[in-house]
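Engineer: Produce the entire structure from the sequences given, and follow the hints as far as they go.
Single-letter residue listing:
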Amino acid sequence: MVKYTEKIQEIAKRLLQEEKVDVFIGYRKGTMPMMNQPVLITAPEEAARLYWDNFCGLNLCNYLTKRTDRIGVIANGCNSRNMVTHIIENQIQREQLYIVGIPCEGMIDHRAVMRAVHYKEILDIEQNGKTFVVKGADFEETFEKEKFLQSNCAVCTHRNPVIYDELVGELVEEQTDVSAYEDVEKVEAMDPEKKQGFFTRLIGRCIRCYACRNACPLCYCPTCFVDESKPQWVGKSIDPTDTLTFHFLRAYHCAGRCTDCGACERVCPMGIPMRQFTKKLNKDCLELFSWEAGLTLDQRPPLDVYRPDDYNDFIK
Amino acid sequence: MENPYVPYPVRIDRIITETEDRNLKTFRFVFLNPEDEAKFAYTPGQFAELSVAGKGEIPIGIASSPTEKGFVSFTVNKVGLVTTYLHNMKEGDVMGIRGPLGNWYPWDEMEGKNVVIVGGGFAFTTLRSSIVYMLEPENRPRFKDITVVYGARTPGMLLYKDELAAWEQRDDIHMHITVDGTDDPDWKYNVGFVPAIAEQKITSADNAIAIVCGPPIMIRFTQPVLEKLGFPPERIILSLEMRMKCGIGMCGRCNIGDKYVCKDGPVFSLAQLKQMPPEY
Amino acid sequence: MTDKVYGKEKWIQGLEGLKNDYKIYVPVKDGDFHAFMPMSEGKAPDFDYDNTRMSPKAVMYPESERLFEYSLDDADPEANILKESPKDFSPRAIVGIRPCDAHGFQIVNRNFDNPEYRDPWWVRRFGSTTLVGLGCNRPCSTCFCTAVGGGPFHEEWLDALMVDLGDRYLVKGLTDKGEGFLAKMTGGTPADEGAYKEAEALAEEASQKIVSSPPTDRLKDQKTTDLFNAPFWEEVAFGCLNCGTCTYLCPTCWCFDIQDEVFGKQGDRIRNWDSCMFPLFTLHGSGHNPRDQKFQRVRQRFMHKLKYYVDKYENGVQCSGCGRCVRYCPVNIDIRDICERMNNFESA
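Chains as they are written, first to last, in this note's numbering: chain P, 99 to 414; chain B, -18 to 261; chain X, 700 to 1047.
Hints are not guaranteed to be accurate.
[Stated by the list, open to error] Each computed DSS-like pair below joins lysine-lysine, with the alpha-carbon atoms no more than 30 Å apart:
no., chain 1, residue 1, chain 2, residue 2
1, X, K876, B, K71
2, P, K218, X, K728
3, X, K919, X, K993
4, X, K922, P, K233
5, P, K243, X, K728
6, B, K6, X, K782
7, X, K782, P, K218
8, P, K127, X, K908
9, X, K707, B, K71
10, X, K782, B, K50
11, B, K255, X, K993
12, P, K292, X, K786
13, P, K328, B, K59
14, B, K20, X, K786
15, B, K255, X, K922
16, P, K218, X, K922
17, X, K993, P, K118
18, P, K293, X, K742
19, X, K964, P, K218
20, P, K164, X, K922
21, P, K293, X, K782
22, X, K876, X, K896
23, X, K728, P, K292
24, X, K709, P, K218
25, P, K284, X, K728
26, B, K20, X, K1011
[As the list claims (entries may be wrong)] Now the stretches of chain B that chain X is said to cover, found in silico as 3 or more residues with beta-carbon under 8 Å:
no., stretch
27, 115 to 128
28, 177 to 187
29, 216 to 225
[To be verified] Here are a few chain X residues that face chain B, going by a calculated C-beta distance under 10 Å:
no., residue
30, A778
31, R817
32, Y895
33, R917
34, N928
35, R968
36, F980
37, T981
38, G984
Keep in mind that the hints were calculated from the coordinates and are not lab data.
No residue lacks a Cβ here, since even glycine has one placed at the ideal position from N, Cα and C.
Structural biologist: Written as structure tokens, this is what we have:
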């Protein structure tokens, strides 16, 4: 991690010095443990602010939308796949981007760490490759990183960036024997009533802060359907029907585009496992169209294309 | 405890389509409970929330004058959800009005002064209220010269056409009506943008106070004209618009700096605005 | 004086005995976090907590609340006329509230109860709620109540204060409301000198633990337009997602929206929490938006809390130092850092 940080700083400094980019987007170290902040720098001397560790679980593609300048940006596997989607969807031009690829070994789930130390206040975290040490006022505990990966990282099969201009380190080995959809299969096996109950419970805590939507690089609509007033599609109070409508419609809008980066889940202040909404659609895309989002610049997502020769009946 | 969120029930008494594009209509309301009229005691420059059950509320300047009894009227531009619905309502329909809200033009300060009114487009509503109020025989002696510059895009887009014509005939008010352009050969008033006409027609800032209401672009270009004429910022009065919900300074959205447009405004002097962040 | 000492079990039994007199809200473990919930819902209070994730503001000011109801049925002679929705204003108590959150209520009260207008729903709930605080024996590293006029054992905004002495609570009555609450409680023994001494030591120890102290001394004298035009806003706002987390979790954010909702021929006028982070908050019907850009909305939030409020009420900042926004902001925007920048800003 320290190595990556140094390398990112070095590359960013060089790119800005050589004026290959106008700005560089990465993370800076946060003011509290397990929290880092997306940052934009414009001068080579600011490169020392850049930082990378196991808690960079947001999606920086979110900060690229419709920018017009030349941007240096760091990207691990999922972030780079969203950049591919952004390029296909004309939210940014490939030529504008200098992608500093990060071979990624997964992010640590900060909530799992909090649970593991029984919610005692964490004052510092020391990250040493495969383990990390959690320190509080009156405790110190060491954990294995592998057991604390964010749930999306644990089943990730695209850890290496898909597109990049330069790498900060050697490519890492991809995980192969993961069963990514066990949880979805459980829901699929439920009868409709149970499914309804499952999702209603899931959003029981939702406060409609829209952090999930706003953290998602796919959600770049100038006006989201929940914000439309003419007509008003969704009620504004906390009626569960409205809240479910929001989450389902958003998920459908992301079908075939979602890279399972987990940003929605990470940012939810109420700890709702947001990926339960999007994963089923990822699974369907994989099974029905052999499609995983953001792997190629040559093809649009399956639900985003119309072909007169489509073999499905419904389209004729 | 008085509940400031409760609208007075009213009946739509009359609807007048004001402009050729039919996007501006004046609604005249009569209170369902006659005693509410006295409670709704207002001063020109104030606004109210028009409340349509099932749709919501909208803040609209009061177009009638407190000297007109038995009704209260508002001129509404069709732009959003509530206004579009309102435009389809009929005479006799029941709705609500909540207010009066906000402050008013500085009537005490205006006493004994020349009053210059500059208005553009559909922002003329509270100015109409003010003119009617000042022309009321018992009020007229309190003010010196009254000069009005009012413009719209075309003759058909002027509000209150009959009243404008009547005021043109009077000698106790100087009317300067203008349009941005027209191909009407019978048009007998001015052609030109409001700031330009204001520059020609307003002769002096001596002992005068100016009230300006209109679209942002008109305000922006009128301001330097008035300053050039010698109006100090304290004597240039503006009325602002903002998205509002509560109208009583609680819901938090209509602030400019630490002032709420709904409660501390909508009327501000240019001197006040210069101390506030330019966020409106 | 009705100050008493209660064994921990006895205290909870005592609270249960007040169920007919008060609707009692207590901190309850809820998944990964704590939340204030009515004791009547059968969940056991957990007073050994840091603070709840959501502030208790919803107890007095619900996230979504029906204000009026009306009929849209033309056959109804009262159609289209709004009637106030029935509400429960019977006595309630928030037991175990932290002094910072009580401060939060005080701050919000300035907005809802002012010389010109009184919000009838807030005023009545505020009046009928007893705040039984719980001193903070272990403030978090993100807490800064002492920087904004409070403290982990600050009594000013509470009706009574509990102090956790390990196996028992010292409970002090601080106002008539608080004394009234305690007078109805069963059990307890009169507070002894030893209990006060222990409490004093805990309070002293706790205030030592507060490590954050963003300066606020120069905010009042800063010129509004200087701060508004300060060069750091774009940078501060860059990472912001413009989600409503900070505003919804905050005990001092009071902004709301009013919406009409219709079900068949029956309609409601509803008040919902709103957030200055949302573009819709200030969007005019014409399409114009004075706070169209993200940095403008972020600036509004901090200017409101740390400058506009300061000027308007001359009563400190609109922040109780609870640290929730610091802990839960998904992109680590830290009000302590911004407060310091605003306070120490030197205009060019």
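Engineer: Give a verdict on every hint.
Structural biologist: Cross-check of the supplied hints:
Between the alpha carbons of K876/X and K71/B the distance comes to roughly 53 Å, so the proposed pair goes past 30 Å and is violated. Proposed proximity of K218/P and K728/X is supported: the alpha carbons are some 14 Å apart, at most 30 Å. Between the alpha carbons of K919/X and K993/X the distance comes to roughly 25 Å, so the proposed pair stays at or under 30 Å and holds. Straight-line distance between C-alpha atoms of K922/X and K233/P comes to about 42 Å, which puts the hinted pair past the 30 Å bound.
Between the alpha carbons of K243/P and K728/X the distance comes to roughly 27 Å, so the proposed pair stays at or under 30 Å and holds. Only pairs whose Cα atoms come within 30 Å are accepted, and K6/B paired with K782/X is accepted, the gap being roughly 28 Å. Straight-line distance between C-alpha atoms of K782/X and K218/P comes to about 49 Å, which puts the hinted pair past the 30 Å bound. Annotation: proposed proximity of K127/P to K908/X holds, straight-line Cα distance about 24 Å (limit 30 Å).
For the hint linking K707/X to K71/B, the alpha-carbon distance of about 66 Å lies beyond 30 Å, and the restraint is violated. For a cut-off of 30 Å, the pair hint linking K782/X to K50/B stands: about 27 Å separates their Cα positions. This hinted pair checks out: K255/B and K993/X have alpha carbons roughly 24 Å apart, not beyond 30 Å. For the suggested pair K292/P and K786/X, the alpha carbons sit about 34 Å apart, so the restraint of at most 30 Å is broken.
Using a Cα cut-off of 30 Å, the hinted pair K328/P and K59/B holds, with the two alpha carbons roughly 13 Å apart. At most 30 Å may separate the alpha-carbon atoms for a hinted pair to count; K20/B and K786/X meet this at roughly 26 Å. Restraint check for K255/B and K922/X: the C-alpha separation of about 12 Å stays at or below 30 Å, so the hint holds. In summary, the hint linking K218/P to K922/X is not supported, as the alpha carbons are separated by about 42 Å, beyond the 30 Å threshold.
A hinted pair counts as satisfied when its Cα atoms are at most 30 Å apart, and K993/X with K118/P qualifies at roughly 27 Å. At roughly 27 Å between alpha-carbon atoms, K293/P and K742/X fall within 30 Å of each other, so this suggested pair holds. Straight-line distance between C-alpha atoms of K964/X and K218/P comes to about 52 Å, which puts the hinted pair past the 30 Å bound. In summary, the hint linking K164/P to K922/X is not supported, as the alpha carbons are separated by about 35 Å, beyond the 30 Å threshold.
Restraint check for K293/P and K782/X: the C-alpha separation of about 39 Å exceeds 30 Å, so the hint is violated. With a CA separation close to 25 Å, the supplied pair K876/X and K896/X stays within the 30 Å bound. At roughly 26 Å between alpha-carbon atoms, K728/X and K292/P fall within 30 Å of each other, so this suggested pair holds. Note on K709/X and K218/P: the hinted pairing holds, with a Cα-Cα distance of about 27 Å set against a maximum of 30 Å.
The suggested pairing of K284/P with K728/X holds, with an alpha-carbon distance near 27 Å, which does not exceed 30 Å. In summary, the hint linking K20/B to K1011/X is supported, as the alpha carbons are separated by about 29 Å, within the 30 Å threshold. Coverage of the stretch 115 to 128 of chain B by chain X is violated. Counting CB-CB distances below 8 Å, 0 residues qualify, and the rule asks for three or more. Counting residues of the stretch 177 to 187 of chain B whose CB lies closer than 8 Å to any CB of chain X gives 0, so the stated coverage by that chain is violated, three being the minimum.
Counting residues of the stretch 216 to 225 of chain B whose beta carbon lies closer than 8 Å to any beta carbon of chain X gives 3, which meets the minimum of three for the stated coverage. Annotation: interface hint on A778/X holds; nearest CB of chain B at approximately 7 Å, less than 10 Å. A least Cβ separation of about 6 Å between R817/X and chain B falls short of the 10 Å threshold, and the interface hint therefore holds. Among the interface hints, the one on Y895/X is violated; its C-beta lies about 40 Å from the nearest C-beta in chain B, farther than the 10 Å criterion.
Proximity of R917/X to chain B is violated relative to the hint, the smallest CB-CB distance being about 17 Å (cut-off 10 Å). For N928/X, the interface hint holds, the least distance from its beta-carbon to any beta-carbon of chain B being 8 Å, beneath 10 Å. Interface restraint check for R968/X: the shortest CB-CB distance to chain B comes to about 8 Å, inside 10 Å, so the restraint holds. Hint status for F980/X relative to chain B: holds, with the closest Cβ pair at about 5 Å, below 10 Å.
Checking T981/X against chain B by beta carbon gives a least distance of about 5 Å; that is within 10 Å, so the hint holds. Evaluation of the G984/X hint against chain B yields a held restraint, the C-beta minimum of about 4 Å falling below 10 Å.
This entry does not satisfy hints 1, 4, 7, 9, 12, 16, 19, 20, 21, 27, 28, 32 and 33, going by the numbered hints stated previously.
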